[in-house]
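Here the protein sequences come in this chain order: Z and P.
Per the working numbering, the first sequence runs over residues 1 to 112.
Per the working numbering, the second sequence runs over residues 113 to 224.
Because the hints were derived from the structure by calculation, they are not lab data.
Careful: at least some of the hints might be erroneous.
[Unchecked claim] Listed below are the simulated BS3-like cross-link pairs for lysine-lysine, each with C-alpha atoms no more than 25 Å apart in a straight line:
hint: 1; chain 1: Z; residue 1: Lys83; chain 2: P; residue 2: Lys157
hint: 2; chain 1: P; residue 1: Lys114; chain 2: P; residue 2: Lys203
hint: 3; chain 1: P; residue 1: Lys154; chain 2: Z; residue 2: Lys42
[What the hints assert, rightly or not] The calculated label-pair distances, taken between Cβ atoms and stated as ranges, are:
hint: 4; chain 1: Z; residue 1: Lys78; chain 2: P; residue 2: Lys191; range: 40 to 48 Å
hint: 5; chain 1: P; residue 1: Pro126; chain 2: Z; residue 2: Glu85; range: 37 to 45 Å
hint: 6; chain 1: Z; residue 1: Gln17; chain 2: P; residue 2: Leu192; range: 40 to 48 Å
hint: 7; chain 1: P; residue 1: Lys191; chain 2: Z; residue 2: Ser9; range: 22 to 30 Å
hint: 8; chain 1: Z; residue 1: Pro8; chain 2: P; residue 2: Pro120; range: 39 to 47 Å
hint: 9; chain 1: Z; residue 1: Ile20; chain 2: P; residue 2: Lys157; range: 24 to 32 Å
hint: 10; chain 1: P; residue 1: Leu158; chain 2: Z; residue 2: Met15; range: 32 to 40 Å
hint: 11; chain 1: Z; residue 1: Glu3; chain 2: P; residue 2: Thr209; range: 21 to 29 Å
[What the hints assert, rightly or not] Facing chain P, according to a computed beta carbon distance under 7 Å, are these residues of chain Z, among others:
hint: 12; residue: Lys42
hint: 13; residue: Val43
hint: 14; residue: Phe45
hint: 15; residue: Ser48
hint: 16; residue: Phe61
hint: 17; residue: Phe65
hint: 18; residue: Asp96
hint: 19; residue: Ser98
hint: 20; residue: Pro105
hint: 21; residue: Gly106
We put the CB at the ideal spot given by N, CA and C, even for glycine.
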Amino acid sequence: EPEVTQTPSHQVTQMGQEVILRCVPISNHLYFYWYRQILGQKVEFLVSFYNNEISEKSEIFDDQFSVERPDGSNFTLKIRSTKLEDSAMYFCATGDSSYEQYFGPGTRLTVT
Amino acid sequence: RKEVEQDPGPFNVPEGATVAFNCTYSNSASQSFFWYRQDCRKEPKLLMSVYSSGNEDGRFTAQLNRASQYISLLIRDSKLSDSATYLCVVKVTGGATNKLIFGTGTLLAVQP
């Protein structure tokens, strides 16, 4: 069964550093999403991406965040200058339609 | 009022028991409904979509009441492997939005 994959599984970075989280979607999927989950809290939507552009973003997704699909396969989330409060699990999700979304295993980001 | 509200639990039940989870949502424009399952420190996994007429998948039955803005999940003959957090998820569809809105989840612990 095809799966969404994410790398790295765990990233430790210092405050103020840039991080790039990577996702490889299921091959025929066209809809891409990033969510995050702070420890002990609910899963929160960050951004959706379709047809090579952002279709929606949340209040969390400020100017420090960006997404791109640089080579037509990987889907990346960049945080330009990390803050302590960015520490969370970051999940990529993809879908072949706008209906169901399938999640990758996540990247645990720890900002120190 | 929270967008999606669930009893956080925990629900501690013996193997073989029937357990029911309830969920309410605040946005009457919500159009798609799902139950996801999340194991500790793992990604949410789609358990089942919820249809207006109600639907069943093996031991799992989901119901939707649009008038009351209420969703339920029933698990029959619970197994140890059912122990997880069950996430109620809604989606408001329309325009560019496809984001999933998660509840905080209900923790189920099935005891031997």
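For this structure, which hints from the list above don't hold up? Result: hints 1, 8, 16, 17 and 18 break, sorted rising.
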